[in-house]
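Protein chains in written order, with this note's numbering: chain A, 301 to 429; chain B, -14 to 369.
No lab work stands behind these hints, which were simulated from the structure alone.
One thing to keep in mind: the hints can contain errors.
Listed next, the in silico DSS-like pairs over lysine-lysine satisfying Cα-Cα at most 25 Å (straight line) [what the hints assert, rightly or not]:
no., chain 1, residue 1, chain 2, residue 2
1, B, LYS243, A, LYS325
2, B, LYS213, A, LYS326
3, A, LYS308, A, LYS326
4, A, LYS409, A, LYS368
5, A, LYS368, A, LYS326
6, B, LYS243, A, LYS379
7, A, LYS379, A, LYS308
8, A, LYS325, A, LYS379
9, A, LYS409, A, LYS308
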Amino acid sequence: MLPRFWRKIRYRYNLIGTECTNCGKKFYPPRNLCPECRRKSRIAEVELGETGTVVSFTVIHDSSESYKLQKPYVVALIKLDSGPSVISQIVCNPDDIEIGTRVRAIFRKYGEDGEEGIIYYGTKFEPVI
Amino acid sequence: MRRVAVIGVGISRFGELWDMSFRDIVISAGTEAIEDANLEGREIEAMYVGNMSGGRFISQEHISALIADYSGLASINVPSVRVEAGDASGGVALKEAYISVASGIHDIVIAAGAEKVTDVGSASEIMDSTIDQEWEAFPGASLAGLYAMMARLHMHEYGSTEEDLAGISVKNHKNAVKNPKAQFRREIKVQDVLSSPYTAEPLKMLDTAPISDGASVLILAGEDVAGKYTDTPVFIDAIIQSSDFIALQSRENILEMKAVKTAVRKALRMSRCELNDVDVFELHDSFTITELLLYENIGLCRHGEGHMLVREGETEIDGRYPANPSGGLKACGHAVGATGIRQAGEIVLQLRGDASGRQVQAERGMAVNIGGTGATAVVSIFRR
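So here's chain A without its partners, still in its complex pose (with noise of 0.2 Å):
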């Protein structure tokens, strides 16, 4: 599972994205194809901003083992103010977020491959208060 965690650690540890320069569409996760102008597509690396709107969210308490010690957690979908969407946790009790909550991106621990294991990081978010 390593290898495709540390890939793309560049876009999880900070909010960037890709923006097709030919139709100005930005993308999160990144793109190096556009869906829409496909071969004249023309992409570069963009930053996408740290604040945005709650779209929706869950509470997770049936989690996968690697969440498991963290339940419940809050799991939300998040209009960036910049444009594209992202699926991010959100660092807050349950009862403080609801559809249209301001956040804003923070970077937290996501877990670990055991005691001795390799720390995984990445992007969350907290209620912009």
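With chain A held as given, fit chain B onto it using these hints.
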């Protein structure tokens, strides 16, 4: 292209089949289908098998050859293809089998689906592999979590409730009582659903289809040869597969299932009928919200009105749009790769008048099988 008929149906029991191995389950459905079609067996020219994850569920790849072998077809060297498209594997296998007969390449083929899930403890994690692993699963979303976000947004936008979703589960359980192959042949009440534990809010345990062992088999034949084997052929008037963005975050509106909409539109055109001509539906209720969103995306009602169909009982077995007379994935069981074939099998039984106890009077039926959160959709229309 020639017309293609279903001439045989076989469905194993669905459920936790502790006493049956993968091959036992396949044989159980296969034998039933071959007997139903009055075949010797040697007439079969090819087989297509939907199987989502033999590699992870039972550490067995090369499922295609294994199934051909234990179906007794290795001695006549029949080609066998395994098809994977998440929990739409069965539907896609049926489409491939259909094409091979419609094209005239083969006269008689098997379209099958099979899954053995209870040999591992982590079946639900394996189901989660139908979502985008890098960008949905890594941040902690599960398949249930993604559908939960759709449910939450639907409730927020349109005023549907957890009781509405529970109603779908209650209906499917009620229908399953009359289906001898079903996993859960008992009625439940709305209160049972509401008091079951949350898996991903607002979805609960009893909003969720089980992950089951099971297999299902259809035998397809060209119209010109079908009459040799049966007096009650059921024709596949259309079968269409479509795709959508795999991750929810790439879709403009997470309540719009574009793969489903496209496939329905094309399937209706291909079968030269209107939605109102369809009398019975088998819909992919992996979660209660999935069935509700299918009502809207198929076009049984407008967006935002799915819960009104539930409240008015329109999708009950005696309603205007009978949905899941089999009990659906929730109560008949969800044997993943077998589900798409099982749904088609139920429609065939309904159209032949062989669905005793849960019979709907029907000329035409539709099956909708989807993979994951809707990145794959297969819509098929059958006529007797």
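Tested hints:
no.	hint	result
1	LYS243/B / LYS325/A	holds (20 Å)
2	LYS213/B / LYS326/A	violated (58 Å)
3	LYS308/A / LYS326/A	holds (17 Å)
4	LYS409/A / LYS368/A	holds (14 Å)
5	LYS368/A / LYS326/A	violated (33 Å)
6	LYS243/B / LYS379/A	holds (20 Å)
7	LYS379/A / LYS308/A	holds (21 Å)
8	LYS325/A / LYS379/A	holds (14 Å)
9	LYS409/A / LYS308/A	holds (16 Å)
When each numbered hint is compared with the structure, violations occur for hints 2, 5.
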